[in-house]
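Novice: Residue strings, one per chain:
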Amino acid sequence: MTITRLPRQPYHIVIVGGGGTGGALAHDLILRGFRVTLVERGEVTSGTTGRHHGLLHSGARYAVKDRESAVECIEERTILGKICPDTFEANDGLFVAITDEDVAYEPLFFESCLASGIPARRVSREEALRLEPYLNPELKMAVQVPDATMDAMRMPLRFFASAKAGGAIIRPWTLVTELLVTDRLVSGIRVRDLTNGTEEEIRADLVVNATGPWAEQLAVMAGCDVPIRPSPGVLLAVRGRWCNMVVNRLHPSGDGDIVVPQRGLSVVGTSSWVVEDPDDLGVPEDHVERMYVEGAKMIPVIRTAERRAAWSAARPLIGSKDADSGRELSRTFKCFDHRETDGVEGFVTISGGKGTTLRAMAETTADVICGKVGVEAPCQTREVVTLPHTAYYAA
Amino acid sequence: MTDTATDLRTTRFVVARRKGGDDPDELRYDTFDVAVGPHTTILDSLVAIRRELDPTLSFRHSCFHASCGTCGMRVNGREGLACVTPVPAGAEVTVEPLANIPIVSDLVVDMQAFYDEFDEAGRPLVRASESIAAAETAEGIDELGRFEDCIECGICLSACPVAGSDPRYVGPAALAAAWRLIDEPRGADPGPVLRLMDDEQAAWRCHLAWECSEACPSGVDPAAAIMRLRGAAAAARARRLFSFGGNR
Chain A
0 MTITRLPRQP
10 YHIVIVGGGG
20 TGGALAHDLI
30 LRGFRVTLVE
40 RGEVTSGTTG
50 RHHGLLHSGA
60 RYAVKDRESA
70 VECIEERTIL
80 GKICPDTFEA
90 NDGLFVAITD
100 EDVAYEPLFF
110 ESCLASGIPA
120 RRVSREEALR
130 LEPYLNPELK
140 MAVQVPDATM
150 DAMRMPLRFF
160 ASAKAGGAII
170 RPWTLVTELL
180 VTDRLVSGIR
190 VRDLTNGTEE
200 EIRADLVVNA
210 TGPWAEQLAV
220 MAGCDVPIRP
230 SPGVLLAVRG
240 RWCNMVVNRL
250 HPSGDGDIVV
260 PQRGLSVVGT
270 SSWVVEDPDD
280 LGVPEDHVER
290 MYVEGAKMIP
300 VIRTAERRAA
310 WSAARPLIGS
320 KDADSGRELS
330 RTFKCFDHRE
340 TDGVEGFVTI
350 SGGKGTTLRA
360 MAETTADVIC
370 GKVGVEAPCQ
380 TREVVTLPHT
390 AYYAA
Chain B
0 MTDTATDLRT
10 TRFVVARRKG
20 GDDPDELRYD
30 TFDVAVGPHT
40 TILDSLVAIR
50 RELDPTLSFR
60 HSCFHASCGT
70 CGMRVNGREG
80 LACVTPVPAG
90 AEVTVEPLAN
100 IPIVSDLVVD
110 MQAFYDEFDE
120 AGRPLVRASE
130 SIAAAETAEG
140 IDELGRFEDC
150 IECGICLSAC
160 PVAGSDPRYV
170 GPAALAAAWR
180 LIDEPRGADP
190 GPVLRLMDDE
200 QAAWRCHLAW
210 ECSEACPSGV
220 DPAAAIMRLR
230 GAAAAARARR
240 LFSFGGNR
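Residue numbers (numbering that gives the first Met the number 0), protein chains in the order written: chain A, 0 to 394; chain B, 0 to 247.
Hints in this document: simulated from the structure, not taken from any laboratory.
Mixed in with the good hints, there may be bad ones.
[To be verified] Stretches of chain A that chain B covers, calculated by requiring three or more beta carbons in the stretch to come under 8 Å of a beta carbon on chain B: (1) 48-62; (2) 85-94; (3) 262-271; (4) 275-284.
[Claimed, not checked] Now the stretches of chain A that chain B is said to cover, found in silico as 3 or more residues with beta-carbon under 8 Å: (5) 142-156; (6) 305-316.
Model, not experiment: these values are computed from the prediction.
The beta carbon of each residue, even a glycine, is placed where N, CA and C say it ideally should be.
Start from the sequences, fold in the hints, and give me the full structure.
Specialist: Here is the structure:
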């Protein structure tokens, strides 16, 4: 594989937000020849990215109700498999039908997977139990899809590592205190370095808001609006690796209907509600209890497994302010050029989406940036193999 | 954690602080009173302190479930992951950064040297498939230790008395990673890693304190790996000795 060294651009892009999207965008922009600085108030991936269950989606979960997301997922799953070697545990996923309603739902699910381009295979009860002995023995049948698992921090770290090696300046522990705005033009950011208390201005030709569920809080600093709903979900990790495949309930997405193996733990997720402040989520105990109850319907031993951790993660959902559960909102992503939405130049927001689609989100945003500054530089992230995560910290 | 108001008690957090420009040999301590419930972890409390009392407090975190390994620190002198360490009973709790690793800011440590050792040991390690048919280790996969369960948190290095006295020591985590490569090579050539770790600052430096395995939050048991690594290194030496200048 050859990496084309594109001509250096004079433009400096500042990315606010060190989640998977920001990291992937830094990597993409570096390959297109831009100068890049990324700031993050904490450790990278400390917001939503690191807290997800670690599922690399085949897209099957979205196939019935959100075809656009499903197609994005299977495409990105295939690309990430190539550009992130030694990153995924490719043990596939199993959607298990427990009740007669689940069985009745199966044909629609199966056909929707195939129509989305997701390879799916029907599995008998006996074979499912052979593949995963801890499954509820009362299951009726199952469908196998190419889900995989990953470390929620280490996969995105590969993009940070690659961006850094290419010259991007990655600054964790750096808090944005102000967006520099004059006459409806964003020209940089003011930051406080939390490791020593100093403040400085960082000038930018363009500032990208990649703060996920915090997108609205940052956009307000430039007088802009972003229709983001922080929608948290509770996740429960219990001791014991009770499956090697990702186990999903074969029914319309609901609470506690997925179990993801993570090293020696099993992660059960998730619930869904909507909050105003993504810094103040809480972990409602009744949601934790629901994870035990619903998770045990697929893998009974979960009911009595030792609790290792319970936490909340805020999804950055795009959509109507009127949504109240979060489930009705699409899981696809959107890039907002604030010149078009608010008449503010030099400021772009990328939000929505999910871990599996981080590369595609970056590509779309970088395309918008190229269009805005008038640079022709093709995306290369579909082919360029990213560095191992260890390269982010190692010398 | 959301616990009902009746479950709450107040705990005084004594938190080690150090910022750039401060005396590098000294930690200063700040105190914060935090309302905690039965499920509140040290990490939940630090997040609450940062949100409500001091936005400049810095600490590493990401996954909140003992998977990423970023929130290793010392709680009342003992290493642990803040995200799965409940706030201990008692009026006061002391929180300090990991030992034997340079401090960046407050509870944040610089993992560069730690990861440099890992890269030499042949990281990263991921068991790409558990399916016996597809795995390179076709038989007996259940007998193998899951050294890829290592979350690179640095807790074993902080707990290790040898690392505390000699920064040249490779350390337990990297040695465990090396052993995984030798035990379960999955197509890789373990020879170079074995020779690298057959060194007085590597496999032979351990004093068998077993503090690393005691402290490991992920059940990796680095000390046992070091012992097996010694066995493999000794066997390889013997093979070289009796090969009479043959194929090395």
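Novice: Verify this for me: three or more residues of the region 48-62 of chain A with a beta carbon less than 8 Å from a beta carbon of chain B.
Specialist: Check passed, 4 qualifying residues.
Novice: Has the region 262-271 of chain A got at least three residues whose CB is nearer than 8 Å to a CB belonging to chain B?
Specialist: n = 4 at 8 Å, threshold three: holds.
Novice: Cut-off 8 Å, C-beta pairs, minimum 3 residues; does the coverage of the region 305-316 of chain A by chain B stand?
Specialist: Answer holds; 5 residues pass the 8 Å Cβ test.
Novice: If you count the residues of the region 142-156 of chain A with a beta-carbon closer than 8 Å to a beta-carbon of chain B, do you get 3 or more?
Specialist: holds (count 4)
Novice: Test coverage of the region 275-284 of chain A by chain B using CB-CB distances below 8 Å; three residues minimum.
Specialist: holds (count 6)
Novice: Does the region 85-94 of chain A contain three or more residues whose Cβ lies closer than 8 Å to a Cβ of chain B?
Specialist: holds (count 6)
Checked against the numbered hints above, the structure breaks none of them.
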